[in-house]
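Start from the sequences and build out the full structure, keeping to the hints where you can.
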Amino acid sequence: MTIQYTDKPIPHPALWGIIYRSSTPFWEGIKEKKLLIQKCKDCGKILHPPRPMCPGCHSTECEHIEASGKGTIYSYTTYSKSPHKSFKAPYSVVLVELDEGPRLISNMVDVKPEDIEIGMPVEVAFDKIDDDLTLYKFKKAG
Amino acid sequence: MARKILEEYMNRKYDADIKPKPALNMIKDKTAIVGIGETKFTRGSGRDEMDMACEAIKKAADDAGIKLEDIDGLETFTLDRTAMPFIVSTLGLKNLRFASEVSFGGGAACAVTLHAAAIVATGVAKNVVCYRSLNESSGHKFGRGDGYAKYMLTAPTPHYGYTFPMGFCTPLSWAGAWGRRWMHEFNVSYEQIGWWAVVLREYANKNPLALFHNKPMTHEDYMNVQMIVEPLRLFDCCVDTDGACAHIVTTAERAKDLKQKPVYILGAGQSAPIEQEIQTVYNRPTIAGLFETWYAAHEAYRVAGVEGKDIDVAELYDPYSLGGIMSLEECDFCERGDAGNFIEGGDNIRVDGKMPTNTSGGLLSEAYIHGFNLVNEGVRQLRGTSYNQVKDPELCMVTAGPGVPSSAMVLRN
Ligand SMILES: [Zn+2]
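Just so you know, the sequences run in chain order A and B. Under our numbering, the first residue of the first sequence is numbered 1, with each subsequent residue one higher. Under our numbering, the first residue of the second sequence is numbered 1, with each subsequent residue one higher.
FYI, nobody ran anything at the bench for these hints, they're computed from the structure. Treat each hint with caution, since some may be false.
[Claimed, not checked] With a straight-line Cα cutoff of 20 Å, these simulated EDC-like cross-link-like pairs (lysine to aspartate or glutamate) come out:
no.	chain 1	residue 1	chain 2	residue 2
1	A	K31	A	E123
2	A	K139	A	E117
3	B	K94	B	E55
4	A	K34	A	E117
5	A	K81	B	D240
6	A	K45	B	E275
7	A	K45	B	E7
8	B	K261	B	D29
9	A	K137	A	E114
10	A	K34	A	D115
11	A	K88	A	D7
12	A	K39	B	E275
Right, here's the structure in full:
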C-alpha cells in the first residue's frame, strides 16, 4: 500500500542534517521514532523546517518539542509513473498538517491512492528502511 | 506579522504597510529592450549550449543594430553549460565591464532583465545582453527526479531532505501538491484547467517559431490523456526544448537612435517572501496561491505606477499549466480563487479577450527556455510584430517561475 522502494539507494536525508546543522535534531529524533519539532525558547514560535535563528524575535535559543504525531491531510498528489529509480509507481505523496501546525511531506502506509482525501485524520507511523534510515510515514487515525 | 501579510494577501486588502516595500525607484522608464534574438527551438539541437547562446546574442545585437564590440555587459541565469569567458572570446566582446548571474532557475526570468536595467540605469554599463541557453530536451532535464537527486546534495536549501526520501522529487509533483489544494479550496475542476493548454496550443499553431506549430489539440484531446501527477496531465507540462534566447538592454536615451521601436522597462521586482522554499513552499499559512509571484508582480506594479487592470497583454511563466493559471490571480487579472472560471472556454485569454495571455504558446506550446521566450514575445507584442498580435497594446506583464524566489516586470511601448 505504501510507497514501494526498489533496491536502488534512496538519497539519504541524514546528509541534509550534516549540511544544515539545525536539521540534525529532527533526523536524530526520527531514528528514535520521535517527531521533534523546533520551537523558539524566547517567543515560543514553532519553526519548521528548523533554522539557526527565530525569524520572529531573532533569538538563537531553541528547544525541540515532541509532536503528538496526529494531524490531517492538507493536500496530496499521485504519481502514475515513477520519477526516480528508487521508487515504484503508482504511489501517492501526502502533505500532512500536524496538530502543532507544521506541514510534512510523507506517504500513507495503509490507504490506497484513490482513497486519499483532503481532511482525512492521520497519525504518524515510523518506517524503518534499514539500519541507517528510518522515515516518518502516516496511517489513517482510528 | 507573517500571518498578517498572508491574510491580507488572501483577502486582497493589503495596505501601504503590507505591500512590497519601496525600492529606490531609479529604473522606471530609464532603460529599454532594443534587440531580441533566438535560435530555432528543437527537440534535439545537436549543438552545445555555448554555441546556441552565441547565436542568440548575435541575432539580438543585429536586431538592435548594435555592434558586438559595443556590448559591455553580460547577465544570465545559473545552472547551464555556458561560460561567460568563452562567450566573450567567441563573440569578441572586447569592452566587457559587467557580468553577473541570477540563480533559482525560472524564478530568475525577469530578475536577469531587472539587474541589467539597474546596471544600465546607474551607468555601470551601457549595453547589457541578457541570455539563456538550454538543451533541456537532449541534455540535462530539470523536470526529472534523477537529475534533482544529484543536484540536491549541493542545493542551497535544507528543504529537499524533507521531501525526496518520500518519493517527492519532481517539479511537477511539487506543483501538484499546491495545485491540488488550490483546486480544493476554490472548487476548480479538471475540465477548467484544461483550457489553459488548449488556448496556448491555438497560439502556437499560428506561431512558426513554436515547437507545437501546426499541431492542433482540442479540449477533448487534452482530457483523454492520463494524469502524470494528479492533477496534472502530459499537456499541462512545459515542452522540453533545446534552444537559446537573448535580449539587449540599453538606456532609454540611446534606444531612440537604434533600429527597432524601443520597449521600455517600466518597472520590475524580485521576491522571496516569508517562508520561501525552493519549490516545496508548504509551510505558509496558505498554499492556495503563488505568494512569490504576487509579491514580485506587485513590486513591479508599484515601481511602474500601474495596476493589474492597466495591463493589455500578459506573458506568464507556466512551467505547468497551474503556474500560469494561478498567476492570473496573483497579477490581479481576475478575483482570487476565480482563475478556473476565468479561463473556462478560453475566450478571456484569447487574443481579443479580457487578458490575452502567453500569446506565443508560452512554455507549454512554444518553447521552454526558462521564460526568456516569454520576454521576447512581450517585446514583439509591444513592437506590434507578434504572430498573435493584440490590438495596440501599451503595457505587457511578464512573470517568472513560481515556487522559488521569483521576479516580474512591466514593459511598455
Ligand atoms: Zn522567537
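Here is what the structure says about each hint:
no. : hint            : result
1   : A:K31 / A:E123  : 17 Å, holds
2   : A:K139 / A:E117 : 13 Å, holds
3   : B:K94 / B:E55   : 18 Å, holds
4   : A:K34 / A:E117  : 26 Å, violated
5   : A:K81 / B:D240  : 18 Å, holds
6   : A:K45 / B:E275  : 13 Å, holds
7   : A:K45 / B:E7    : 18 Å, holds
8   : B:K261 / B:D29  : 14 Å, holds
9   : A:K137 / A:E114 : 18 Å, holds
10  : A:K34 / A:D115  : 27 Å, violated
11  : A:K88 / A:D7    : 10 Å, holds
12  : A:K39 / B:E275  : 15 Å, holds
Of the hints listed earlier, those the structure fails to meet are numbers 4 and 10, in rising order.
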